[in-house]
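Let the hints inform the model, and build the full structure from the sequences given.
Which chain is which? The protein sequence lines are G and Y, in order.
First residue of the first sequence: 1, per my numbering; consecutive thereafter.
First residue of the second sequence: 1, per my numbering; consecutive thereafter.
Calculated directly from the structure, the hints in this document are not laboratory data.
Watch out, some of these pointers could steer you wrong.
[To be verified] Covered stretches of chain Y, as calculated for chain G (at least 3 residues, CB under 8 Å):
| # | stretch |
| --- | --- |
| 1 | 121-129 |
| 2 | 172-186 |
[Claimed, not checked] What the simulated footprint calls covered on chain G by chain Y, stretch by stretch (three residues with Cβ under 8 Å from a Cβ of chain Y suffice, anywhere in the stretch; the number is not a length):
| # | stretch |
| --- | --- |
| 3 | 66-77 |
| 4 | 148-154 |
[To be verified] Calculated from the model, a selection of chain G residues having no Cβ within reach of chain Y, i.e. all distances over 12 Å:
| # | residue |
| --- | --- |
| 5 | M1 |
| 6 | Q2 |
| 7 | I31 |
| 8 | K60 |
| 9 | V61 |
| 10 | R62 |
| 11 | K91 |
| 12 | E102 |
| 13 | H142 |
Predicted, not measured: the structure shown is a model, and the values here were computed from it.
The beta carbon of each residue, even a glycine, is placed where N, CA and C say it ideally should be.
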Amino acid sequence: MQTRIISLLVEDHPGVLTRMSGMFTMRGINITSLTVSPCEKNGLSRMTVAIKGTESELEKVRKQISNLIEVVKVVDLKADEAIIRDLCLLKVHTKDSGMRLEVMLLVESYGAKIMDATLDSVIIELTEEPKKIDRFVDLMQHFGVKQLFRTGLTAIGRD
Amino acid sequence: MARVKLSGAEIVVEELKDEGVEVAFGIPGGVLLDLYDALYKEDAIRHILMRHEQCAAHAADGYARVSGRTGVCIATSGPGATNLVTGLANANMDSAPVVALTGQVVTSAIGTNAFQEASTFTITMPVTKHNFLVKRTEDLPKVIHNAFYIASTGRKGVVLIDLPKDVLADVAKVNLHTKETFAGYKPNIKPNIVQTKKTAEVLANAERPLILAGGGIISSDATEELRSLAELLGACVVTTLMGKGAIPENHPLCLGMAGMHGHLCANRAINECDALLALGTRFSDRLTAWQLDQFAPDATVIHVDIDAAEINKNLPVDIPIVGDVKLALADILKWLAKQKKMGDKSVWLQRVKEMHTTCEDCIKDVRRAGTSLSDMFIKELSLLLDGDAIVTTEVGQCQMFAAHYYMTKEPRTFISSGGLGTMGFGFPAAIGAKVAVPDKKVVDIAGDGSFLMTCQDLATCVENDIPVVVCILNNRYLGMVRQWQELFYDKKYSHTGLGATPDFVKLAEAFGCYGERVEKPEDLKDVLNSAFESGKPAVIDMIVGSDDKILPMIPPGGGIIGMIGTERCKHV
Ligand SMILES: Cc1cc2nc3c(=O)[nH]c(=O)nc-3n(C[C@H](O)[C@H](O)[C@H](O)COP(=O)(O)OP(=O)(O)OC[C@H]3O[C@@H](n4cnc5c(N)ncnc54)[C@H](O)[C@@H]3O)c2cc1C
Ligand SMILES: Cc1ncc(C[n+]2csc(CCOP(=O)(O)OP(=O)(O)O)c2C)c(N)n1
Numbered sequence: 001m002q003t004r005i006i007s008l009l010v011e012d013h014p015g016v017l018t019r020m021s022g023m024f025t026m027r028g029i030n031i032t033s034l035t036v037s038p039c040e041k042n043g044l045s046r047m048t049v050a051i052k053g054t055e056s057e058l059e060k061v062r063k064q065i066s067n068l069i070e071v072v073k074v075v076d077l078k079a080d081e082a083i084i085r086d087l088c089l090l091k092v093h094t095k096d097s098g099m100r101l102e103v104m105l106l107v108e109s110y111g112a113k114i115m116d117a118t119l120d121s122v123i124i125e126l127t128e129e130p131k132k133i134d135r136f137v138d139l140m141q142h143f144g145v146k147q148l149f150r151t152g153l154t155a156i157g158r159d
Numbered sequence: 001m002a003r004v005k006l007s008g009a010e011i012v013v014e015e016l017k018d019e020g021v022e023v024a025f026g027i028p029g030g031v032l033l034d035l036y037d038a039l040y041k042e043d044a045i046r047h048i049l050m051r052h053e054q055c056a057a058h059a060a061d062g063y064a065r066v067s068g069r070t071g072v073c074i075a076t077s078g079p080g081a082t083n084l085v086t087g088l089a090n091a092n093m094d095s096a097p098v099v100a101l102t103g104q105v106v107t108s109a110i111g112t113n114a115f116q117e118a119s120t121f122t123i124t125m126p127v128t129k130h131n132f133l134v135k136r137t138e139d140l141p142k143v144i145h146n147a148f149y150i151a152s153t154g155r156k157g158v159v160l161i162d163l164p165k166d167v168l169a170d171v172a173k174v175n176l177h178t179k180e181t182f183a184g185y186k187p188n189i190k191p192n193i194v195q196t197k198k199t200a201e202v203l204a205n206a207e208r209p210l211i212l213a214g215g216g217i218i219s220s221d222a223t224e225e226l227r228s229l230a231e232l233l234g235a236c237v238v239t240t241l242m243g244k245g246a247i248p249e250n251h252p253l254c255l256g257m258a259g260m261h262g263h264l265c266a267n268r269a270i271n272e273c274d275a276l277l278a279l280g281t282r283f284s285d286r287l288t289a290w291q292l293d294q295f296a297p298d299a300t301v302i303h304v305d306i307d308a309a310e311i312n313k314n315l316p317v318d319i320p321i322v323g324d325v326k327l328a329l330a331d332i333l334k335w336l337a338k339q340k341k342m343g344d345k346s347v348w349l350q351r352v353k354e355m356h357t358t359c360e361d362c363i364k365d366v367r368r369a370g371t372s373l374s375d376m377f378i379k380e381l382s383l384l385l386d387g388d389a390i391v392t393t394e395v396g397q398c399q400m401f402a403a404h405y406y407m408t409k410e411p412r413t414f415i416s417s418g419g420l421g422t423m424g425f426g427f428p429a430a431i432g433a434k435v436a437v438p439d440k441k442v443v444d445i446a447g448d449g450s451f452l453m454t455c456q457d458l459a460t461c462v463e464n465d466i467p468v469v470v471c472i473l474n475n476r477y478l479g480m481v482r483q484w485q486e487l488f489y490d491k492k493y494s495h496t497g498l499g500a501t502p503d504f505v506k507l508a509e510a511f512g513c514y515g516e517r518v519e520k521p522e523d524l525k526d527v528l529n530s531a532f533e534s535g536k537p538a539v540i541d542m543i544v545g546s547d548d549k550i551l552p553m554i555p556p557g558g559g560i561i562g563m564i565g566t567e568r569c570k571h572v
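In structure tokens form, the structure reads like this:
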């Protein structure tokens, strides 16, 4: 099993997302992350899909995606040739000032930001590579993660 | 084209005419009143009122396969659209070009469980090549043009357009007949010349070349090129079910259909060849069977397909060629002409000749000892029609008897539900076929079970003067399932007996059709002649044995050389 990131330019029509996800469902492929956003071209959207599967499964899916009428462009993004980012918002327990201090130190060393704080919790934002976020979240579990939100990854190819 | 002010319904009709649509099969309903109102005034489009939407889709499908043009079917919202679904899935599985128009509730009511609302757009997404839900009247010209463009190019298929009532009723100023297409749709057609050159070398050097002709040969009208290549090369040709008709089956190089229910010789040849050129076929499991190591084990496999997603999907190939098979064949022929050295194919040609003759003798031996009434009736029918007809089939044993013993001479004359295996397909497909080529004899080879699924459309035939002939292999059973129960489930015939089947002769007569029963294959000639001479739609009830079996076959889990029931075959 491996993860592959596919970046797509798609027509900005209602139903495109349904068609895309239906295609994965039909072929029994698991999507680990899917993001949709506007892009530099009018009338088109960008989708970044991370899927898990065997090499041959992934290759089959890539061809099927290319077949969809509303898909204008398909690009395979290899991890070492792309900048990959995920955004994470966390609400972490900080029962006392000692804990709060520790959390703040970690936040700083990871390049994260405190977005809000109450007496017993802080809200943290971190935009990073998915793996780094995983590690940060693991650390925060130690203090107690009340809520976790991740946007899913987006990626851009280097020239 | 200048801007014009028209209602959505009028735009639809104008665009259909511009796409060359001459006939549509459909059933109206509340949300389609505007469209049918526009059709009422229209002489250029013949509308045939069907008695079930599934039949409308099958008829459009049959029309498309026979004529090579895009078939059109129409259904109303909700139940009309859901009734259509089986027919759409069927056509799409077999890559037949069909455009379906469905009515939808007014846009403001979508999603409210309005009367006769169903989410046709989401329901049909997985069974179409593409579909549209039109939200604005002014979008209609582009959508309709692209529906036809997408359905009829690349790997052909079904496109559905869902039309809300207000979109049809509203008036808009539009430019008709736009040729604007979608950036993401570029049907891949030109094959790579490096690959076609390599192919020519492999084929020239091969000693035992075999061409596997699939449905893509027929849909791309590449039969001439196929034949030239086979003859130039000295390659034998086997077909899939969908490829039947790609080469005249009495051609000395043709070994007939391969696969689970294929000819013994065709399967043998696949196992023995040293170069396999697969043309427009998707290597379905019914073709390859389950033991892939028996499928062309010694061969260099070349696969030509217009759909890149089919390459390496079911069978690993040595030389992939993505592109239109007609163009690829032209290239391969061109490269072959430049080849100086050819492998010695004389031993193979001798073997192919032997195999062809054995098979042909069997098929011509109409009353061969030890064969069943079903065998005999279809062989007799094949002899009587002599390839000069269009044969459609239902699904089951009847279909496989037809595939096995009905000899085609031309492409687009054998129409069968291959991928979906839809019982009830053959008869409405025959209606579409007869509408496409009214001068040809059209015969549906049916099973009693299948025919009962769509026989209400006899009314359509009578009303519209569409004289197709239904020949039922009446075995009082869901025969194919019964055959599996007999062979693989200890003869426990669980719910396959049809019990009190109707009197098909009286059923035909009740509709105003010609009906006749025949119990002996030798009597078929007269009955068939009377049926054709009656000029009416006809039902011929051929009584056959309940335990007739279509053999040989590859048992579940078996491979291409593991056929059972070969006792009746002369071994070669
Ligand atoms: C009861 C039953 C038994 C069956 N038994 C058998 C059997 O024994 N043997 C058998 O073969 N089938 C059998 N079938 C049918 C089987 O299920 C498949 O439908 C059939 O094998 C598919 O044939 P195909 O791949 O040639 O055609 P299709 O399914 O029509 O595929 C066509 C292929 O050609 C490609 N193509 C289309 N246009 C072009 C073009 N212009 N250029 C290049 N490529 C193109 C398409 O992309 C596709 O890959 C049976 C079906 C039933 C219901
Ligand atoms: C719509 C549909 N339902 C069920 C099946 C499963 N099935 C395949 S063959 C068959 C029996 C067909 O019986 P009949 O039409 O009498 O033909 P026979 O096999 O007896 O020639 C059945 C039920 C099917 N293919 N299609």
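Evaluated hints:
| no. | hint | result |
| --- | --- | --- |
| 1 | 121-129 | holds (count 5) |
| 2 | 172-186 | holds (count 4) |
| 3 | 66-77 | holds (count 8) |
| 4 | 148-154 | violated (count 0) |
| 5 | M1 | holds, 19 Å |
| 6 | Q2 | holds, 18 Å |
| 7 | I31 | holds, 17 Å |
| 8 | K60 | violated, 6 Å |
| 9 | V61 | violated, 9 Å |
| 10 | R62 | violated, 9 Å |
| 11 | K91 | holds, 34 Å |
| 12 | E102 | holds, 50 Å |
| 13 | H142 | holds, 44 Å |
Hints 4, 8, 9, 10 from the earlier list are contradicted by this structure; the remaining hints agree with it.
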